[in-house]
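2 protein chains.
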Amino acid sequence: MAHIYIYSPAGAVRDKAGFKRGVRRLESQGHQIEIDKDALTSHERFAGDDETRLQAISRAACSGADLTLITRGGYGLTRILPQINYKLVSQSIAKGTRWMGYSDFTAFQAALFAQTGASTIAGASLIADFGVATPKESVDEITEACFGDVLLGQNEGAGWTLPKRTQADRALYEQYAAKPLSIKASSLWGGNLSVLTSLIGTPYLPQVAGGVLWFEDTGESPFRIERMLTQWLNAGILARQKAIVLGQFTESKLYPHDRGFNFASVVARLRAQLKIPVLTHLPFGHVPTKVMLPFGAPARLLCDGSDALLLWDDL
Amino acid sequence: MAHIYIYSPAGAVRDKAGFKRGVRRLESQGHQIEIDKDALTSHERFAGDDETRLQAISRAACSGADLTLITRGGYGLTRILPQINYKLVSQSIAKGTRWMGYSDFTAFQAALFAQTGASTIAGASLIADFGVATPKESVDEITEACFGDVLLGQNEGAGWTLPKRTQADRALYEQYAAKPLSIKASSLWGGNLSVLTSLIGTPYLPQVAGGVLWFEDTGESPFRIERMLTQWLNAGILARQKAIVLGQFTESKLYPHDRGFNFASVVARLRAQLKIPVLTHLPFGHVPTKVMLPFGAPARLLCDGSDALLLWDDL
Chain S
3 MAHIYIYSPA
13 GAVRDKAGFK
23 RGVRRLESQG
33 HQIEIDKDAL
43 TSHERFAGDD
53 ETRLQAISRA
63 ACSGADLTLI
73 TRGGYGLTRI
83 LPQINYKLVS
93 QSIAKGTRWM
103 GYSDFTAFQA
113 ALFAQTGAST
123 IAGASLIADF
133 GVATPKESVD
143 EITEACFGDV
153 LLGQNEGAGW
163 TLPKRTQADR
173 ALYEQYAAKP
183 LSIKASSLWG
193 GNLSVLTSLI
203 GTPYLPQVAG
213 GVLWFEDTGE
223 SPFRIERMLT
233 QWLNAGILAR
243 QKAIVLGQFT
253 ESKLYPHDRG
263 FNFASVVARL
273 RAQLKIPVLT
283 HLPFGHVPTK
293 VMLPFGAPAR
303 LLCDGSDALL
313 LWDDL
Chain H
3 MAHIYIYSPA
13 GAVRDKAGFK
23 RGVRRLESQG
33 HQIEIDKDAL
43 TSHERFAGDD
53 ETRLQAISRA
63 ACSGADLTLI
73 TRGGYGLTRI
83 LPQINYKLVS
93 QSIAKGTRWM
103 GYSDFTAFQA
113 ALFAQTGAST
123 IAGASLIADF
133 GVATPKESVD
143 EITEACFGDV
153 LLGQNEGAGW
163 TLPKRTQADR
173 ALYEQYAAKP
183 LSIKASSLWG
193 GNLSVLTSLI
203 GTPYLPQVAG
213 GVLWFEDTGE
223 SPFRIERMLT
233 QWLNAGILAR
243 QKAIVLGQFT
253 ESKLYPHDRG
263 FNFASVVARL
273 RAQLKIPVLT
283 HLPFGHVPTK
293 VMLPFGAPAR
303 LLCDGSDALL
313 LWDDL
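Protein chains in written order, with the working numbering: chain S, 3 to 317; chain H, 3 to 317.
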């Protein structure tokens, strides 16, 4: 099937059992798995020191693999953005290598697109998505199917249903039913909110106008999510997009002090401050079910009632 | 003594007892305390909705007080930065009103300086600094003395001792003993790292070159502190300063996964990436002992051996 190159550009792998399960799972699907020599290296909290991880990225770029896949995210790519050999990576993409990861990997995706215009895929990582322990080492069916589409060159869209929990939700979807949304965007871009926000003001954040911008995050309480979104808003970046799409925001801790201030408050406020659509519940985040989203690809966003659809050409 | 106006521009006051102790403490020093009508208002996690807090700021600006003092920080100013009446605030400063606070208040200080060039003071807040419960309602002596200097128009500097914990520390201070540091900076500026970082890329971050930039924070783990400092670094802002000064970083949670990566690692890395001095242990942060630091004032930074000194003209 496919030649998949496994490497660790960010956090050290502690879950060796998960790593093995992930490799076994991909091998059982018939893929040829090549493991970078420093995939399991550890230095402080990182998968090797900065130079080690930079070399791992360059080796992945020279591997000739169909797909490079990170073992895990964590924290590590932001530190080495100025030293990454973007040209080498973009050349590998031109030759047919796809790059996939998420979370901390967002920094790499954004920087590569900003520096070269090359597209990578926000999708699975080895351990979180294929190294699942329970039950019966089952991997999420949608994630696995979308991952398979990437390898077949058939990753061309993602659809989902918007939830109808509140009256405001229902009113919005009635609007979209009466007048379906149809947006043609210069680029679909986005990723982990904390990671992407940490690139604002730097040469590693792409300057995208007319895009569909999406975010997900984990472990950030609503006030932190709002503070980050406010930075995007006050930087004028959100108003230059055609739509904002929010994915899954997990482990978003609430405090007694919040007194009703929650993620829904954050979304309502964002909508009140923007004239462009703000959709929610994109199936992406630190959750089992993930669609595979190309960073930087021209895309269409359609919404008919509560049915949302993102479409793009396979990379 | 002084007319002090107490108001709540950010988080709701939950600690009513601390509030009362703080007011009593300042009154016992002979000050005339004026309490804003919405100082104890609560809406979700905020001290009233956005409009209520904006009006509280405007009332503080029109109070004619010698000093306006926040009850507490929390989260709330970032949300209302576009709506604040900066002209009214800067006019009050021109007429002799000083503005003081810290933490979330950093957003207000930075935005005001960016929009009008007016200076405010990073210093005490009512509850954390004057509402202390134990022991015997004692207030930190240094904080209280520095606060008194502000009211007397005698807040003109802050000195502290750099710690000699590691060999690298000692080597650095030997350098400064052999050749004392003497920096003339366009502005002393800084504050809470998370809050200030959330302004990068927006019109609310001052464009300061040749400054001394300082940071403090609480509840941020070393990797988050480093990610934020990396944003400043990659945005090119740090290299435009004459020195960086780090204050107290408290409740900085370490994880087993960190394996030796800690705040000291972050400082060492920052020093390796900058040609300008990076000093530490400024007595400011979420700690009892605070000096009072004017935001935006021209300043001198001196360092002789392990003795550091910041000097400025009283506002």
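In case anyone wonders, no lab produced these hints; they're calculated from the structure.
Some clues are possibly wrong.
Copies of one chain are not kept apart here, so a pair can be met inside one copy or by any two copies together.
Straight line, CA to CA, 30 Å or less: simulated BS3-like cross-link-like pairs of lysine-lysine [to be verified]:
no.	residue 1	residue 2
1	Lys277	Lys89
2	Lys18	Lys255
3	Lys39	Lys89
4	Lys277	Lys39
5	Lys166	Lys186
6	Lys277	Lys186
7	Lys186	Lys244
8	Lys255	Lys186
9	Lys22	Lys186
10	Lys244	Lys166
All values reported here derive from a predicted model rather than from experimental measurement.
Hint check:
1. When the C-alpha separation of Lys277 and Lys89 is checked against a cutoff of 30 Å, the pair qualifies only between copies, where the shortest distance is 28 Å, while the shortest distance within a copy is 37 Å.
2. Taking CA atoms no more than 30 Å apart as the test, Lys18 paired with Lys255 passes in both settings, with 29 Å inside one copy and 25 Å between copies.
3. For a Cα distance limit of 30 Å, the shortest separation of Lys39 from Lys89 inside one copy, 22 Å, qualifies, whereas the shortest one across copies, 60 Å, does not.
4. Taking identical chains as interchangeable, the C-alpha atoms of Lys277 and Lys39 are never at most 30 Å apart, the minima being 49 Å within one chain and 35 Å between chains.
5. Within a single copy, Lys166 and Lys186 get their C-alpha atoms as close as 25 Å, which meets the 30 Å cut-off; across copies the closest is 60 Å, which misses it.
6. Taking identical chains as interchangeable, the C-alpha atoms of Lys277 and Lys186 lie at most 30 Å apart only when both belong to the same chain, with a minimum of 16 Å there against 46 Å between chains.
7. For the homomeric pair Lys186 and Lys244, the shortest alpha-carbon distance inside one copy (8 Å) is at most 30 Å, but the shortest distance between copies (47 Å) is not.
8. In this assembly of identical chains, the alpha carbons of Lys255 and Lys186 never lie at most 30 Å apart, being 35 Å within a copy and 44 Å across copies at closest.
9. Neither within a single protomer nor between protomers do Lys22 and Lys186 lie at most 30 Å apart by alpha-carbon distance, with minima of 42 Å and 57 Å respectively.
10. For the homomeric pair Lys244 and Lys166, the shortest alpha-carbon distance inside one copy (23 Å) is at most 30 Å, but the shortest distance between copies (54 Å) is not.
Violated hints, in rising order: 4, 8, 9; the structure is consistent with all others.
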